[in-house]
Amino acid sequence: MLRLVLSRLLAAIPVMGVVAIFVFLLLRLSPGDPAAILAGDTATAETIAAIRADLGLDRPIPEQFVTWIGQLLQGDLGKSVLSKQPVSMMIGQRVEPTMSLALTTLIFAIVVAVPMGILAAWKHGSWFDRGIMALSVAGFSIPVFVLGYIMVYIFSMKLDLFPAQGFASIREGLPAFLERIALPTVTLSFIYIALFARITRTAMLEVLNEDYIRTAHAKGLKERVVLVRHALRNAAIPIVSVIGIGFALLIGGVVITETVFNIPGIGRLVVDAVLGRDYPIIQGVILVFSGVYVLINLAIDVAYVMLDPRIRY
Amino acid sequence: MRSRRFHMLVSAIGLSIGLGLLAGAATDAVAQDSKKTLRFIPHSGLRVTDPILTTAFMSRNHGYMIYDTLFSVDDKMVVKPQMVEKYEVSGDKLTYTFTLRDGLKFHDGAPVTSTDVIASLARWGKNDTMGQKLFTYTKEWKEVDAKTFQLVLKEPYGLVLDSLGKPSSNVPFIMPKRMADTPATTNVPEEIGSGPFRFVKGEFQPGVKVVYEKNPDYKPRSEPASNTSGGKVAKVDRVEWLTIADPQTAMNALIKGEVDIWEQPAFDLLPELKKNKEIDIRNLQPFGMNYMLRMNWLQPPLDNVKVRQAILHAVQQEDYLAAQVGDPEYYKVCGALFGCSSPLATDAGAVGVKKADVAKAKKMLADSGYKGEKIVIMAPTDLNSINQLPLVSAPLLRAIGVNVEVQSMDWQTLVGRRAKMDPIDQGGWHIFHTAWGTADMMNPIANAGTKGLGKVGGFFGWTEDPTIEKLRDDYAREPDATKQKAIAEAVQKRVYEMVHYIPLGEYFQPSAIRKNVVGNLPSAAYVLWNIEKK
Chain A
1 MLRLVLSRLL AAIPVMGVVA IFVFLLLRLS PGDPAAILAG DTATAETIAA
51 IRADLGLDRP IPEQFVTWIG QLLQGDLGKS VLSKQPVSMM IGQRVEPTMS
101 LALTTLIFAI VVAVPMGILA AWKHGSWFDR GIMALSVAGF SIPVFVLGYI
151 MVYIFSMKLD LFPAQGFASI REGLPAFLER IALPTVTLSF IYIALFARIT
201 RTAMLEVLNE DYIRTAHAKG LKERVVLVRH ALRNAAIPIV SVIGIGFALL
251 IGGVVITETV FNIPGIGRLV VDAVLGRDYP IIQGVILVFS GVYVLINLAI
301 DVAYVMLDPR IRY
Chain B
1 MRSRRFHMLV SAIGLSIGLG LLAGAATDAV AQDSKKTLRF IPHSGLRVTD
51 PILTTAFMSR NHGYMIYDTL FSVDDKMVVK PQMVEKYEVS GDKLTYTFTL
101 RDGLKFHDGA PVTSTDVIAS LARWGKNDTM GQKLFTYTKE WKEVDAKTFQ
151 LVLKEPYGLV LDSLGKPSSN VPFIMPKRMA DTPATTNVPE EIGSGPFRFV
201 KGEFQPGVKV VYEKNPDYKP RSEPASNTSG GKVAKVDRVE WLTIADPQTA
251 MNALIKGEVD IWEQPAFDLL PELKKNKEID IRNLQPFGMN YMLRMNWLQP
301 PLDNVKVRQA ILHAVQQEDY LAAQVGDPEY YKVCGALFGC SSPLATDAGA
351 VGVKKADVAK AKKMLADSGY KGEKIVIMAP TDLNSINQLP LVSAPLLRAI
401 GVNVEVQSMD WQTLVGRRAK MDPIDQGGWH IFHTAWGTAD MMNPIANAGT
451 KGLGKVGGFF GWTEDPTIEK LRDDYAREPD ATKQKAIAEA VQKRVYEMVH
501 YIPLGEYFQP SAIRKNVVGN LPSAAYVLWN IEKK
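Sequences listed follow chains A and B, in order.
Per the UniProt record's numbering: the first sequence = residues 1 to 313.
Per the UniProt record's numbering: the second sequence = residues 1 to 534.
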């Protein structure tokens with residue numbers, strides 16, 4: 001197992017290197033000029049040129065790249081072009097809201113979707129099964145922002161049960177944290193509940209027709225034990241895969257939910273940085289994201305090995 | 001065993017979420033906040049904290065929170081002393097002697113001295129349009145003692161006090177010398193001023209949240225607060241700027257009382273906000289904003305004045321204002337270059353303001369030698385305050401026979417691209433639209449659109465016009481207000497004649513404010529002193 005982890009981490013280094021080069025070049029070739037943005041409306045060409053020189057943007061691109069890589073090797077992601085704040089600090093401020101939302105969404109979706117999928121498979125062809133599948137279609141079909149506005153309208157504006165927006169750190173207490181995170185979590189969960197429920201149902205259906213399940217039934221085991229201990233464990237690999245991929249997508253894809261609920265997360269940081277052509281932030285976030293994706297993939301592989309001893313890497 | 005742990009985990013998570021839901025109704029942290037915290041949704045997120053480096057209004061408004069100014073303007077735009085206790089002008093009008101008020105202190109406890117003032121003004125003079133002009137007339141700034149300093153001019157200059165009391169970007173804010181010594185093209189490393197609020201650095205999240213606390217050492221002037229002048233009394237202990245990017249979410253937060261002021265509510269949400277009995281819609285920008293169509297004089301065929309004049313005759317302001325603002329309550333057709341509410345307001349020389357003359361424009365275009373060359377209009381899709389304007393220009397220009405190509409992009413791409421002087425096929429442009437606060441264009445020196453300096457020192461579009469530069473200089477030298485007005489009128493006529501830019505009308509951006517918030521001041525910037533929560 002240790003060998004697997006180490007080899008995967010080593011393999012991540014060239015991947016991150018390619019990502020770094022690609023992102024750097026892409027940003028330098030895209031339109032927009034941080035110096036012009038910084039200077040404002042009445043700036044002269046001379047002022048913009050001076051700001052560009054101050055930011056080092058007038059230097060040749062290879063030279064800029066070498067400087068950036070040199071900083072990275074020292075663990076420095078650089079400073080924001082606009083605010084001059086360290087990028088690592090800015091990312092650090094935004095990680096908690098995004099990770100909180102991603103984790104609560106993932107947990108909520110698993111808690112709701114996996115039992116739904118199991119039950120749908122168990123009651124295959126029943127009204128319950130059809131109902132679950134219909135809900136899944138709805139979950140895929142309703143855009144997140146529409147659902148978000150509906151949730152806010154009902155539970156915040158009409159019933160006054162939750163705040164309309166904002167984020168509270170868990171350091172402010174569990175009630176305050178849950179109060180703020182509940183609506184965005186439920187909103188964002190819908191599509192993942194749909195996805196996880198369908199995958200769980202499909203995986204369970206395949207397993208439930210296997211001989212060893214019939215044997216388990218023949219031995220007189222309780223239905224719950226057959227479903228959870230025998231069937232779910234063997235159906236777990238595709239479910240774990242989709243949960244892992246879902247988590248990776250969640251981290252990068254929460255921007256709409258963050259906007260609707262005014263959560264100051266990584267998604268908003270990236271969008272703002274792209275709009276402001278704040279190169280160091282965009283580069284830093286994408287590198288950090290790449291690292292997180294590598295770790296998520298590693299976690300999925302480790303989970304495979306733990307769930308199915310036959311799997312070897 | 002694993003299965004049991006799994007069930008326990010699931011149960012615990014479910015219980016936590018359930019408790020959280022129940023707790024939601026009971027523990028409303030926002031509602032428990034004291035009346036001493038003012039929550040404000042600004043029009044954008046603050047990122048650049050240096051109001052001299054950038055002209056962004058966010059940075060200007062931030063500047064007013066923490067910095068102070070030597071002079072400022074009252075509600076009639078008359079310049080008044082602010083940090084200055086008294087000043088004298090020599091008989092030959094060449095030497096101004098200023099004395100600072102007693103007890104002025106920076107937020108780090110250091111006294112404000114003449115050294116700080118001179119360094120601050122020197123930095124401002126490098127970036128600001130009016131500052132640059134003032135410094136071309138300046139022989140030297142002299143420190144007399146810690147509280148007294150002098151401005152010595154090369155020749156009499158009529159806009160000394162107007163420059164030092166300039167209410168909008170870039171405002172000549174006073175900062176400690178160690179900050180003011182930072183190059184004007186580099187962000188200052190600290191946020192230390194002597195203004196009514198202090199910046200809370202530990203809580204700053206660029207683009208998300210800015211926190212200020214009352215400056216207990218601030219000594220307001222005794223006069224009542226008016227515009228950016230008078231007694232700047234902080235009546236709340238803490239101000240939080242909370243950026244909410246989505247207008248619907250911002251409206252919800254205001255209705256629920258999670259915030260107190262929304263600086264710039266979207267026009268289409270105003271009817272909904274007006275229905276709410278707990279919310280007021282207040283116009284705190286009595287001088288308004290102005291739309292502008294700017295052409296690039298470097299690019300054919302717009303280097304031909306006859307083509308520009310044909311385009312001028314093709315537009316009418318009502319079309320733009322109706323499309324962008326919608327409600328006539330919030331806009332005004334206005335041909336005055338320096339703002340319809342400003343002392344220099346006039347219709348002199350105005351063309352095509354109320355009614356386009358399409359037939360004449362067609363004929364002018366045909367006579368101009370225009371051969372159907374493509375004209376590129378840059379259209380920002382993400383800036384709600386101006387994104388309709390290019391979409392109005394395109395059909396108006398096509399109607400007179402112009403071959404128009406609208407190129408959509410985000411605002412920041414436009415900002416980067418408008419600085420390019422390159423030909424069209426190398427990323428150049430012909431036309432962009434923008435908006436200006438009247439306070440930023442109230443005279444020919446402040447109004448960047450009237451510059452005729454061309455490629456060196458000119459505003460994007462690089463209008464090169466020695467005649468208008470001479471007029472601007474005449475205006476700057478002229479101390480008599482009546483004569484100044486006559487020169488400003490000549491500037492306006494020249495702008496319309498040469499088509500430096502096309503004014504597209506004036507609009508007013510109201511704020512949405514909860515009714516328990518009182519004391520908001522109509523102002524050229526958005527100021528948050530004098531406000532309290534009842």
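Don't read these hints as lab results, they were simulated from the structure.
Heads up, some of the hints might be wrong.
[Said to hold, decoys possible] The calculated BS3-like cross-link candidates involving lysine-lysine, where the alpha carbons are at most 25 Å apart (straight line), are:
{"id": "1", "chain 1": "B", "residue 1": "Lys35", "chain 2": "B", "residue 2": "Lys274"}
{"id": "2", "chain 1": "B", "residue 1": "Lys209", "chain 2": "A", "residue 2": "Lys84"}
{"id": "3", "chain 1": "A", "residue 1": "Lys158", "chain 2": "B", "residue 2": "Lys275"}
{"id": "4", "chain 1": "A", "residue 1": "Lys158", "chain 2": "B", "residue 2": "Lys274"}
[As the list claims (entries may be wrong)] For the chain A half of the interface with chain B, some residues (derived, Cβ under 10 Å), not all of them:
{"id": "5", "residue": "Leu29"}
{"id": "6", "residue": "Ser30"}
{"id": "7", "residue": "Val152"}
Glycine is no exception: its CB is placed at the ideal position from the N, C-alpha and C atoms.
Status of each hint after checking the structure:
A hinted pair counts as satisfied when its Cα atoms are at most 25 Å apart, and Lys35 (chain B) with Lys274 (chain B) qualifies at roughly 24 Å. At roughly 16 Å between alpha-carbon atoms, Lys209 (chain B) and Lys84 (chain A) fall within 25 Å of each other, so this suggested pair holds. Only pairs whose Cα atoms come within 25 Å are accepted, and Lys158 (chain A) paired with Lys275 (chain B) is accepted, the gap being roughly 16 Å. As the CA atoms of Lys158 (chain A) and Lys274 (chain B) are separated by approximately 18 Å, the hinted pair is consistent with the 25 Å bound.
Because the smallest distance between the Cβ of Leu29 (chain A) and any Cβ of chain B comes to about 12 Å, over 10 Å, the interface hint for this residue is violated. At its closest, the beta carbon of Ser30 (chain A) sits 8 Å from a beta carbon of chain B; the interface hint therefore holds under the 10 Å criterion. Hint status for Val152 (chain A) relative to chain B: holds, with the closest Cβ pair at about 6 Å, below 10 Å.
The structure fails hint 5 only (numbered hints given earlier).
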